[in-house]
Amino acid sequence: MRHCVVLLLLVPFAFSLLTCLIRGRWQTVFGLLASAATAATFVFAACLIVSDGPQEYPLGGWWPPLGLRLQLDGLSLLPLGLTAVVGLGVSIYAVGYFQRERGLRSEAQIFWPLWLLLWGGLNGVFVSADVFNLYLLLEFTLLAAVALAALEGTAIAQVAALRYLLSASGAAVLYLIGVGLLYGTYSTVDLSLLAAAAPSGTAATAGLVLMTLALLLKCALFPFHFWLPPAHSSAPAPVSAVLSALVVKAAVYVVFRLWFEVQPALLAGVGATALSALGAAAILWGSWAALRQPRLKLVVAYSTVAQIGYFFLLFPLAREVPGDVIAAASYHLASHGLAKAAMFLGAGALAHTVGTDVLSQLRGGLRRAPLAVAAVFIGGAALAGALPGGGAKGKMLELTHQHGHPWLTMVIVAGLILAAAYTFRCVWWAGRWTGSDANGDSSRGLGAVALALGLAAVALSFFSDEVLQHVKA
Amino acid sequence: MNVPQVVLFQVLAFLLIAAGFHALLRRAHLLRKIVALNIMSSGAFLLLVCFARRDATVSPDPVPHAMVLTGIVVGISVSALAMVLARRIYRRTGASTLAEAAEAARREEGSS
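Quick note, the sequences are listed as chains A and B, same order.
Residue 268 in the working numbering sits at position 266 of the first sequence, with consecutive numbering throughout.
Residue 517 in the working numbering sits at position 69 of the second sequence, with consecutive numbering throughout.
In short, the hints are calculated from the structure, not lab data.
Here a beta-carbon is modelled for each residue, glycine too, at the ideal position from N, C-alpha and C.
Be a bit skeptical, because a hint or two may be false.
[To be verified] Sample of chain A residues facing chain B (criterion: CB under 7 angstroms; computed from the structure):
| no. | residue |
| --- | --- |
| 1 | P66 |
| 2 | G69 |
| 3 | F134 |
| 4 | L145 |
| 5 | A157 |
| 6 | A163 |
| 7 | L164 |
| 8 | R165 |
| 9 | L167 |
| 10 | S171 |
| 11 | V175 |
| 12 | L178 |
| 13 | G182 |
| 14 | T190 |
Go ahead and model the full structure; you've got the sequences and the hints to work with.
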């Protein structure tokens, strides 16, 4: 039972190797089996956190400072759960997607090993407890994500993937320098040992700043978002969903580990205000840009740029109520992940039925692919804070209102209105009536998977308080 | 003048990082960008090795060396993937910079 921490990495990695070796139908079978097994491992891990509290696991029995430590705690619970749910949905979707799209059969053969590698890498980021291991696993996920982004083989996808790779690995070198500066000062890379040393002084602060800058580029916070929209919008639909819902969250998660655990003193400084300002700029600019895009997948990609801003917006409150800020951010992470996966998968199903994702040519989409449009609509509604059980944005509004930050409240409200507007714009184009009722829905299964993820976001809103209890604990 | 050797190496490391970073941002040609990335990581590796030996009387710390070895593997993987993508882009569009390639890709999409 204790070993399920390691199994979170080992299961997807082992199946990734296996799916490299086999082809055809059996590859799909093993891919689905791997997804089910990985998701089941998460269920065991979640039970372990809920029943026994946070877990620590020394790899090979070696404890830090010499060995590597893995950990399972409240903060890692929601990212791992999100990865399991979205991962399972994307795997089921991918089976149908790659079978339907003619000429994508060979892409499917590359998709499974890379996707399982990415899944294992993401799980690894969420259980790692030292900054060097995080560097490795972030690079690991980057390599798999770039290869997946270039999967479609169009020139536009390859250019976007290469731009993503060059900027993110440049940032990774800065992160590594930061790790070096921390190790040079404190002779450890373990998160809790670093936190105990309470890093201060020029070298350690410079290290943390370099690491944060690198992570901001990897999670595409404004103004480092330039690589995201082309890379996320030109990938195949299941890949776009994974990139937007999960991969950018890995970097956000590491920022939270560094700022809230390793050096909470940073939150009191000017850095927290700066991050909050960048977050506000991301929300306003990203939402506005999403409103002006000509293609559905670009709208969804720019909406990711905007939604990343919410993670950093509340940093000025983190000194007074760190627990509440972490809880709101974790809830936003899970809720946005489910909503964004539903939107990208729905957009893919809609584009499959209609033949394009250019908004002005989507007319009739609602009649021909109602499930897909419903998924986009519910996802958009979740981003606009309109969840029946109370969304993450509601919690953020409550916090900013209580602690007297009227500017932040206004930014959140503006973001919600813009999110509602760009969602409505997409659904409006798809809802326009066409005279000729062309052939019916050829992607009902795909639309149903997308809708299921959207409904999962709705379901989560009803249980958010119970789930967030474990995050705060 | 008696500067400790390790300081010279640290200065060299920062020069390599700065030169690599500058070229990564400013040079347009894709091969130059990939080489710049490698120079930048070499600087980072040198810096890590410097931290391993802080005092000539004590034997060096092996942990940074292990980190550098792992970092080299990561660097090779990144370079390999970047070169494969750059070559495919060149074959497809004849472009050797990201800006030209993006332009060619837009034309390709527009014509199809």
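Results of checking the hints against the structure:
{"no.": "1", "hint": "P66", "result": "violated, 11 angstroms"}
{"no.": "2", "hint": "G69", "result": "violated, 11 angstroms"}
{"no.": "3", "hint": "F134", "result": "holds, 6 angstroms"}
{"no.": "4", "hint": "L145", "result": "holds, 6 angstroms"}
{"no.": "5", "hint": "A157", "result": "holds, 4 angstroms"}
{"no.": "6", "hint": "A163", "result": "holds, 6 angstroms"}
{"no.": "7", "hint": "L164", "result": "holds, 4 angstroms"}
{"no.": "8", "hint": "R165", "result": "holds, 6 angstroms"}
{"no.": "9", "hint": "L167", "result": "holds, 6 angstroms"}
{"no.": "10", "hint": "S171", "result": "holds, 5 angstroms"}
{"no.": "11", "hint": "V175", "result": "holds, 5 angstroms"}
{"no.": "12", "hint": "L178", "result": "holds, 5 angstroms"}
{"no.": "13", "hint": "G182", "result": "holds, 5 angstroms"}
{"no.": "14", "hint": "T190", "result": "violated, 9 angstroms"}
The structure fails to meet hints 1, 2 and 14 from the earlier list, while all remaining hints are met.
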